[in-house]
Amino acid sequence: MNAVADPVGAMDQSNEIADHVAQAFAAKTPLAIRAGDTKSFLGEIGRGEILDVAGHSGIISYEPGELVLTARAGTPLTEIETTLAEAGQQLAFEPPHYGQGATLGGVIAAGVSGPARPFNGAARDFVLGTRIVNGRGECLRFGGEVMKNVAGYDVSRLLAGSFGTLGVLLDVSLKVLPAAHHQATRVFEHSAETALDAFKRWRLRPWPITGAYWENGLTYLRLSGAETAVRSACEQLGGQSLAMDYRNFWTEVREQTRPLFTQDERPLWRLSLPPAAPLLDNAGPNAIDWGGAQRWLLSDEPAATIRQRVAAQDGHASVYRGHTTPRFHPLSKSLLALHQRLKASMDPAGILNPGRLYPEL
Amino acid sequence: MAAVTEPVAAEDETLVDKDGLIAQLKAELPDDVVLHDEEDLRPFECDGLSAYRELPMLVVLPATEAQIQTTLRICHANNVPVVARGAGTGLSGGSLPLDRGVLLSLARFNQILDIDADNARATVQPGVRNLAISEAVADLGLYYAPDPSSQIACSIGGNVAENSGGVHCLKYGLTTHNILQVTIITLEGERLTIGSMALDSPGYDLLALMTGSEGLLGVIVEVTVKLLPTPEVARVALIAFDGLRQASNAVAAIIQAGIVPAGLEMLDNPAIKATEDFVHAGYPTEAAAILLCEVDGTAAEVEEHIEAVRDVVERCGATEIRLSQDEAERARFWAGRKAAFPAMGRVRPDYYCMDGTIPRKALADVLIGIGDLSQEYELDVANVFHAGDGNLHPLILYDANNPGELERAEAFGGAICQLCLDYGGSITGEHGVGVEKIDQMCVQFPPAELTQFHAIKSAFDPKGLLNPGKAVPTLHRCAEFGAMHVHNGELPHPELERL
Chain S
148 MNAVADPVGA MDQSNEIADH VAQAFAAKTP LAIRAGDTKS FLGEIGRGEI
198 LDVAGHSGII SYEPGELVLT ARAGTPLTEI ETTLAEAGQQ LAFEPPHYGQ
248 GATLGGVIAA GVSGPARPFN GAARDFVLGT RIVNGRGECL RFGGEVMKNV
298 AGYDVSRLLA GSFGTLGVLL DVSLKVLPAA HHQATRVFEH SAETALDAFK
348 RWRLRPWPIT GAYWENGLTY LRLSGAETAV RSACEQLGGQ SLAMDYRNFW
398 TEVREQTRPL FTQDERPLWR LSLPPAAPLL DNAGPNAIDW GGAQRWLLSD
448 EPAATIRQRV AAQDGHASVY RGHTTPRFHP LSKSLLALHQ RLKASMDPAG
498 ILNPGRLYPE L
Chain Z
55 MAAVTEPVAA EDETLVDKDG LIAQLKAELP DDVVLHDEED LRPFECDGLS
105 AYRELPMLVV LPATEAQIQT TLRICHANNV PVVARGAGTG LSGGSLPLDR
155 GVLLSLARFN QILDIDADNA RATVQPGVRN LAISEAVADL GLYYAPDPSS
205 QIACSIGGNV AENSGGVHCL KYGLTTHNIL QVTIITLEGE RLTIGSMALD
255 SPGYDLLALM TGSEGLLGVI VEVTVKLLPT PEVARVALIA FDGLRQASNA
305 VAAIIQAGIV PAGLEMLDNP AIKATEDFVH AGYPTEAAAI LLCEVDGTAA
355 EVEEHIEAVR DVVERCGATE IRLSQDEAER ARFWAGRKAA FPAMGRVRPD
405 YYCMDGTIPR KALADVLIGI GDLSQEYELD VANVFHAGDG NLHPLILYDA
455 NNPGELERAE AFGGAICQLC LDYGGSITGE HGVGVEKIDQ MCVQFPPAEL
505 TQFHAIKSAF DPKGLLNPGK AVPTLHRCAE FGAMHVHNGE LPHPELERL
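Sequence order for the protein chains is S and Z. Note that the first sequence covers residues 148 to 508 in the working numbering. Note that the second sequence covers residues 55 to 553 in the working numbering.
Hints should not be assumed to be uniformly reliable.
Each pair of labels, with its calculated beta carbon distance range [said to hold, decoys possible]:
id	chain 1	residue 1	chain 2	residue 2	range
1	Z	Arg400	S	Ser388	55 to 61 Å
2	S	Glu336	Z	Thr284	29 to 35 Å
3	Z	Asp380	S	Arg352	40 to 46 Å
4	Z	Ala502	S	Gly469	50 to 56 Å
Dumping the calculated DSSO-like pairs for lysine-lysine here, alpha-carbon to alpha-carbon at most 27 Å [stated by the list, open to error]:
id	chain 1	residue 1	chain 2	residue 2
5	Z	Lys225	Z	Lys280
6	Z	Lys225	S	Lys347
7	Z	Lys280	S	Lys322
8	Z	Lys415	Z	Lys392
9	S	Lys322	Z	Lys225
10	Z	Lys415	S	Lys322
11	Z	Lys517	Z	Lys72
12	S	Lys347	Z	Lys280
13	Z	Lys517	S	Lys480
In silico negatives: residues of chain Z with every beta carbon more than 12 Å from chain S [unchecked claim]:
id	residue
14	Val70
15	Pro97
16	Ala105
17	Asn133
18	Asp153
19	Asp172
20	Arg175
21	Gln235
22	Ile248
23	Leu282
24	Asp296
25	Gly297
26	Asp380
27	Glu383
28	Pro403
29	Gly536
Worth flagging that the hints you see were computed from the coordinates, not collected in a lab. Each residue gets a CB set at the ideal place from its N, CA and C atoms; glycine is no exception.
Only chain S is shown next, with the shape it has when bound in the complex (with noise of 0.2 Å):
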């Protein structure tokens, strides 16, 4: 097998990782799991005991010809792009850092996804297998290295985006796909409302979309693939093409860092609606993500008008910035009551990550 070496510093740490569990199901101490601390502001704040997993780092097989990576979840998530591309690959959910210390398995705790999710799709469904550590202390192994397997419910895509409320993430297996050879970005001058007409437009062409963007009157189009492809759909959409480094504006995408958000205090809403839905009352969106399915709003409004407004189109709104609980969209009575059971199932001390997702949870 084309194991890579261990690098130095990478090791195993996952009975350390598994005892310190045990002991804390045993003695009942909430532990808060960290590795490289820069999704910490997103959700809720973590309380107990901090489980430091950032030593449990390395890659532990990678085979191109595979199109699986597994690592370890502190492996620092430039070490495996950095790896990908030496091969010519990708991870094609292209996960925003937040931060430099930035590793696997706070990406996929925190399920978080970049530009491309609604063309390539979202972190989750790249996740193939996990090993995981449960709140009893017991590592567990689920999915595997293969593509498709459907033995054993699916709790490796479960994990992702769960916080770290069911498990401590130990190795996580992800399927990585080839690096599109050619990419351009055009731009076109657009109100919010012809942007969203022009996703919807799009959406039905086979075009090889990778990004749709609108802020602030100019929507920006992301086309990566063969050469050709690229270059076909280029000339039937027109547009101007890309002015600055197109990866740089795609890299301020990804981690908004773009300077709306950056020179603006209030408070930033993170709003996932339907792609087509319509723009909300009087207030913005500030940008469009996901040619529509991802929209940022910067605003003072109480929390509740926000979240009333959002859910009325079938979507839901979180808080990136500001002081608003919970920060995540509340769960209905009958899902919040779901969710507790299956915490339960998975940790039932309630150690792992206490109100870390939801103060409930």
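Following the hints, put chain Z in place on chain S, whose structure we already have.
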């Protein structure tokens, strides 16, 4: 390890009061919804895995969600197990009835409720056929991507329950990648919406958990699927090899070249011969294996990729390469693949279709291993499968009229499952565990994982009444199966990675 909490009903053989149950159901449901005469029950005795048959105690054929809720509430109150059934095309016995249970048929839920081109989605009832969705949206230039080979008959509710795949899931993903929202009714009769009309939903990814849960967590009553734009062009390359190893290497080489084909299928020589005799697709009958490699996209993209495929397979020692020149030729190339299963029926009266997955690099070794097992069990085998995904479908040919052959075929199948696990694979890629591979689950998963699965089920179905005895074996059953006893708690081949 924690104390084991196993679902009570799963192994509980206590008889329920059938007449009392019928009376309770009939008091609240229209007459034609509750079937209990033997002749009415007979059509439900098996699904696509017809070697397993059982008459249900009774069948409920609801027409409304309220009727489903009523049925489930009554079953819950009476501790009666419930098996949900869609089109009954499943290949692992997932909807095999229980003689002490209710079979809940979703056949009447066959309406497309909403087509929303702006949001590229369709909301349908669970009994809608897979292909009917693509047909209904074709004039919008859209389609539903997952295409199990039974797509003409199988229903979307069953697709969600099994996380069905198909030829095109190499590029477009499985059911789990192509649905937005499902509505379920729990055994207690509660209606829950899981997922959302947006691209994600708050809280846990219950949609992932529900997909492929084989009817053990809830009854699916509505599904919203994602629709994709129909590719402008698709072309198929038919590529012949004179060795299994060369063909297998070509599969990995195509992927490694940075091409993600829409489909990448392999047929071995017995499969080529049988299909050629049957449909005359023009397959080279002397080849050891052929690959069917479809690429799709814009015209320019397809041109670029098909030439790249040609280069790669020439280097891998292809003996013949044919590229489809038009839609008619493309259809002809696929005709053999699509007719492969029925074609086997002409070789031997019965076949047993397996469904293991392996890493692509192990393709050649596992195919050769299956050939060795074929000699050992003295049964012929043909391989027609999703090579690009490493998803094998060995067809074990047998004649059920010959005493002992079915049992030998099953033992051969079990040995193939073991072989897949030995190479780091899975016992099922897309057909599900059902009753068929329940014992092999004891080999794939240690007790702690199985216990965790049962605990998850209890969060949805504390009484363990939804499809008991399927998908996840009890530890008791595993102990009887022996895999764990024999090896003193350790799996066979502990040296092998089993992520």
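Are the Cα positions of lysine 322 of chain S and lysine 225 of chain Z separated by 27 Å at most?
12 Å, holds
Does lysine 280 of chain Z lie within 27 Å of lysine 347 of chain S when you go C-alpha to C-alpha?
At roughly 14 Å apart (the allowed maximum being 27 Å), lysine 280 of chain Z and lysine 347 of chain S satisfy the hint.
Has the given pair, lysine 415 of chain Z with lysine 392 of chain Z, been kept, meaning a C-alpha gap of at most 27 Å?
Holds, at about 25 Å.
Take a quick look at proline 97 of chain Z and tell me if its Cβ sits farther than 12 Å from every Cβ on chain S, holds or violated.
Proline 97 of chain Z clear of chain S: closest Cβ-Cβ about 27 Å, beyond 12 Å.
Would alanine 105 of chain Z pass as off the interface with chain S, using Cβ distances and a cut of 12 Å?
Holds, since 20 Å exceeds 12 Å.
Assertion that arginine 175 of chain Z lies farther than 12 Å from chain S (Cβ):
8 Å, violated
Straight-line Cα separation of lysine 225 of chain Z and lysine 347 of chain S no greater than 27 Å?
23 Å, holds
Compute the least Cβ-Cβ separation between glutamate 383 of chain Z and chain S, then decide whether it is above 12 Å.
21 Å, holds
Is the Cα-Cα distance between lysine 415 of chain Z and lysine 322 of chain S 27 Å or less?
Cα-Cα ~15 Å, so holds.
Does asparagine 133 of chain Z clear chain S by more than 12 Å, comparing its Cβ with all Cβ atoms of that chain?
Non-interface label on asparagine 133 of chain Z holds, nearest chain S Cβ at 20 Å vs cutoff 12 Å.
Is 40 to 46 Å right for how far apart the beta carbons of aspartate 380 of chain Z and arginine 352 of chain S are?
Violated, since aspartate 380 of chain Z and arginine 352 of chain S (Cβ atoms, about 23 Å apart) do not stay within the stated range.
Would you check whether the claim that glycine 297 of chain Z is not at the interface survives, using Cβ distances to chain S and the 12 Å cut-off?
19 Å, holds
Going down the numbered hints, you'll see the structure goes against 3, 4, 19, 20, 21, 22 and 23, while the others check out.
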